[in-house]
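Asks: Let chain D serve as the given structure and place chain B on it in line with the hints.
In order, the protein sequence lines correspond to chains D and B.
Those letters in the first sequence? Residues 1 to 113, per our numbering, in order.
Those letters in the second sequence? Residues 1 to 114, per our numbering, in order.
Source of the hints: derived by calculation from the structure; they are not laboratory data.
A portion of the hints provided could be inaccurate.
Pairs of lysine-lysine, DSBU-like flavour, derived with a Cα cap of 30 Å [unchecked claim]:
#1 B:Lys-97 to D:Lys-67
#2 D:Lys-40 to D:Lys-3
#3 D:Lys-68 to B:Lys-97
#4 B:Lys-65 to D:Lys-40
#5 D:Lys-40 to B:Lys-7
#6 B:Lys-7 to D:Lys-68
#7 D:Lys-41 to B:Lys-7
#8 D:Lys-3 to B:Lys-97
#9 D:Lys-56 to D:Lys-68
#10 D:Lys-95 to B:Lys-97
#11 B:Lys-65 to D:Lys-95
#12 B:Lys-7 to D:Lys-37
#13 B:Lys-97 to D:Lys-56
#14 D:Lys-57 to B:Lys-97
#15 D:Lys-41 to B:Lys-65
Since the model is a prediction, treat every value here as computed from it, not as a measurement.
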Amino acid sequence: EDKVVQSPLSLVVHEGDTVTLNCSYEVTNFRSLLWYKQEKKAPTFLFMLTSSGIEKKSGRLSSILDKKELFSILNITATQTGDSAIYLCAVGVLKTSYDKVIFGPGTSLSVIP
Amino acid sequence: SAVISQKPSRDICQRGTSLTIQCQVDSQVTMMFWYRQQPGQSLTLIATANQGSEATYESGFVIDKFPISRPNLTFSTLTVSNMSPEDSSIYLCSVDKGLAGEQYFGPGTRLTVT
Numbered sequence: 001e002d003k004v005v006q007s008p009l010s011l012v013v014h015e016g017d018t019v020t021l022n023c024s025y026e027v028t029n030f031r032s033l034l035w036y037k038q039e040k041k042a043p044t045f046l047f048m049l050t051s052s053g054i055e056k057k058s059g060r061l062s063s064i065l066d067k068k069e070l071f072s073i074l075n076i077t078a079t080q081t082g083d084s085a086i087y088l089c090a091v092g093v094l095k096t097s098y099d100k101v102i103f104g105p106g107t108s109l110s111v112i113p
Numbered sequence: 001s002a003v004i005s006q007k008p009s010r011d012i013c014q015r016g017t018s019l020t021i022q023c024q025v026d027s028q029v030t031m032m033f034w035y036r037q038q039p040g041q042s043l044t045l046i047a048t049a050n051q052g053s054e055a056t057y058e059s060g061f062v063i064d065k066f067p068i069s070r071p072n073l074t075f076s077t078l079t080v081s082n083m084s085p086e087d088s089s090i091y092l093c094s095v096d097k098g099l100a101g102e103q104y105f106g107p108g109t110r111l112t113v114t
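Just chain D, with the same shape it has in the complex (with noise of 0.2 Å):
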């Protein structure tokens, strides 16, 4: 059965803080390893990793993913609590005739000034 595992499932910091948050999956057909944010209820897309080792940045935002290892990791620094919300991690796998995509528990983030 896919599975996609995220640590820690919740986590508090202060502010300037940089937190590490984790992905790990064991799927069939991957394509793709995907970080979204979800701060009320829609999630939004952050980044989509298909290859090892190739770092993907978007400001004070960047992630890499291990696909020998089946790890993702993203990368917050100097941490505002504007990035407090709960970040999920999802891969995409490929069906018949489409992506599916199974996400993770997430990782709720509280930054504290």
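Replies: For chain B alone, coordinates are given in the frame of chain D:
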């Protein structure tokens, strides 16, 4: 990017009734997806809706409980039938950008069943 709207944004319903959630996309898309997010849980795929064919349901979800319509390439509905308090969740629709699983999500419908 796709702009997705959902109606209603929230509702409180009595057990035993049904609610239909609408999802509208501003461009034509092949696949639309319906997810459920129960309180404190992650997103679980309910079904995949392809225009012109029956929806494909994930394990644990059945058409009688969650009938889906997909009348055209920009619109879909999900009905939650014969509701119980366990159906209290956020229901999200999404569309595939066509890039290995990258999806855009609608704003969600928060359903509370009393």
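Asks: Evaluate each hint against the coordinates.
Replies: Cross-check of the supplied hints:
no.	hint	verdict
1	B:Lys-97 to D:Lys-67	23 Å, holds
2	D:Lys-40 to D:Lys-3	24 Å, holds
3	D:Lys-68 to B:Lys-97	26 Å, holds
4	B:Lys-65 to D:Lys-40	26 Å, holds
5	D:Lys-40 to B:Lys-7	16 Å, holds
6	B:Lys-7 to D:Lys-68	43 Å, violated
7	D:Lys-41 to B:Lys-7	14 Å, holds
8	D:Lys-3 to B:Lys-97	23 Å, holds
9	D:Lys-56 to D:Lys-68	18 Å, holds
10	D:Lys-95 to B:Lys-97	16 Å, holds
11	B:Lys-65 to D:Lys-95	24 Å, holds
12	B:Lys-7 to D:Lys-37	22 Å, holds
13	B:Lys-97 to D:Lys-56	19 Å, holds
14	D:Lys-57 to B:Lys-97	20 Å, holds
15	D:Lys-41 to B:Lys-65	23 Å, holds
In the structure shown, a violation is registered for the earlier hint numbered 6 alone.
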